[in-house]
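Each chain is listed here by its residues.
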Amino acid sequence: DAGVTQSPTHLIKTRGQHVTLRCSPISGHKSVSWYQQVLGQGPQFIFQYYEKEERGRGNFPDRFSARQFPNYSSELNVNALLLGDSALYLCASSLFFSGGSGNTIYFGEGSWLTVV
Amino acid sequence: GENVEQHPSTLSVQEGDSAVIKCTYSDSASNYFPWYKQELGKGPQLIIDIRSNVGEKKDQRIAVTLNKTAKHFSLHITETQPEDSAVYFCAASMRDSSYKLIFGSGTRLLVRP
Numbered sequence: 001d002a003g004v005t006q007s008p009t010h011l012i013k014t015r016g017q018h019v020t021l022r023c024s025p026i027s028g029h030k031s032v033s034w035y036q037q038v039l040g041q042g043p044q045f046i047f048q049y050y051e052k053e054e055r056g057r058g059n060f061p062d063r064f065s066a067r068q069f070p071n072y073s074s075e076l077n078v079n080a081l082l083l084g085d086s087a088l089y090l091c092a093s094s095l096f097f098s099g100g101s102g103n104t105i106y107f108g109e110g111s112w113l114t115v116v
Numbered sequence: 117g118e119n120v121e122q123h124p125s126t127l128s129v130q131e132g133d134s135a136v137i138k139c140t141y142s143d144s145a146s147n148y149f150p151w152y153k154q155e156l157g158k159g160p161q162l163i164i165d166i167r168s169n170v171g172e173k174k175d176q177r178i179a180v181t182l183n184k185t186a187k188h189f190s191l192h193i194t195e196t197q198p199e200d201s202a203v204y205f206c207a208a209s210m211r212d213s214s215y216k217l218i219f220g221s222g223t224r225l226l227v228r229p
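Protein sequence lines, in the order shown, are assigned to chains A and B.
For what it's worth, our numbering labels the leading residue of the first sequence as 1, then goes sequentially.
For what it's worth, our numbering labels the leading residue of the second sequence as 117, then goes sequentially.
One chain only, chain A, in its complex shape (with noise of 0.2 Å):
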């Protein structure tokens, strides 16, 4: 079975511009969530989408936001991009939405954004 597949894996982006991250889950996965690593850092919580509803929000702006589709694949999207935004952003997804016996969050392999 596939992993949790991301795209794009790298991009360039010019201060002030948009960007949309795309991610779907294992099969049968129907827990989305979203993280920032930022170069010598740990990832840290951007977002949380179960059943396509928001479940969990990290300390981000407004500008970040995301949503989850019928097929529970996901997008991330950042306005106004800022330099500071340059990152791994991480896809995560796990079977449910809470931390019952046997739900292991797993990651993707993560987009590179470059912010020029």
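Please note: incorrect hints may appear among the correct ones.
Simulated pairs of lysine-lysine, DSS-like, Cα-Cα distance not exceeding 30 Å [said to hold, decoys possible]:
1) B/138 x B/173
2) A/52 x B/158
3) B/138 x A/13
4) B/173 x A/30
5) A/52 x B/138
6) A/13 x B/153
The set of hints was computed from the structure by calculation and includes no laboratory data.
Chain A is fixed; fit chain B onto it per the hints.
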């Protein structure tokens, strides 16, 4: 607030030796503690995890221990190999309306041949 501290930040060991990485967490309600290995240019790969109802878990050369009273957990890698060289992250789940992980700052492990 929510916090996971991880030590050491870098660790260099001789091939065949053991490596230990330690983490402490702040939220006593946390119940899930995964460890991820991240190689250069790749996403985090789950290597082992433990839940709060278990004190120790082993998978071949890798083991994790959890002390709920002290709120700390550790990763133990025995018989290290050069391919174990990577950055390792611990994480703890936070019990709120979502299912999110709070990550430590990472440990760069170098296994010298």
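A quick look at each hint next to the structure:
1. Pair hint residue 138 of chain B plus residue 173 of chain B holds up; C-alpha atoms about 15 Å apart against a cutoff of 30 Å.
2. Of the supplied pair hints, the one linking residue 52 of chain A and residue 158 of chain B holds, its CA atoms being roughly 27 Å apart against a limit of 30 Å.
3. Between the alpha carbons of residue 138 of chain B and residue 13 of chain A the distance comes to roughly 38 Å, so the proposed pair goes past 30 Å and is violated.
4. With a C-alpha separation of about 27 Å, the suggested pairing of residue 173 of chain B with residue 30 of chain A holds against the 30 Å cut-off.
5. Of the supplied pair hints, the one linking residue 52 of chain A and residue 138 of chain B is violated, its CA atoms being roughly 36 Å apart against a limit of 30 Å.
6. The straight-line distance between the Cα atoms of residue 13 of chain A and residue 153 of chain B is roughly 29 Å, inside the 30 Å bound, and the hint therefore holds.
The structure is inconsistent with the numbered hints 3 and 5, although it conforms to all the rest.
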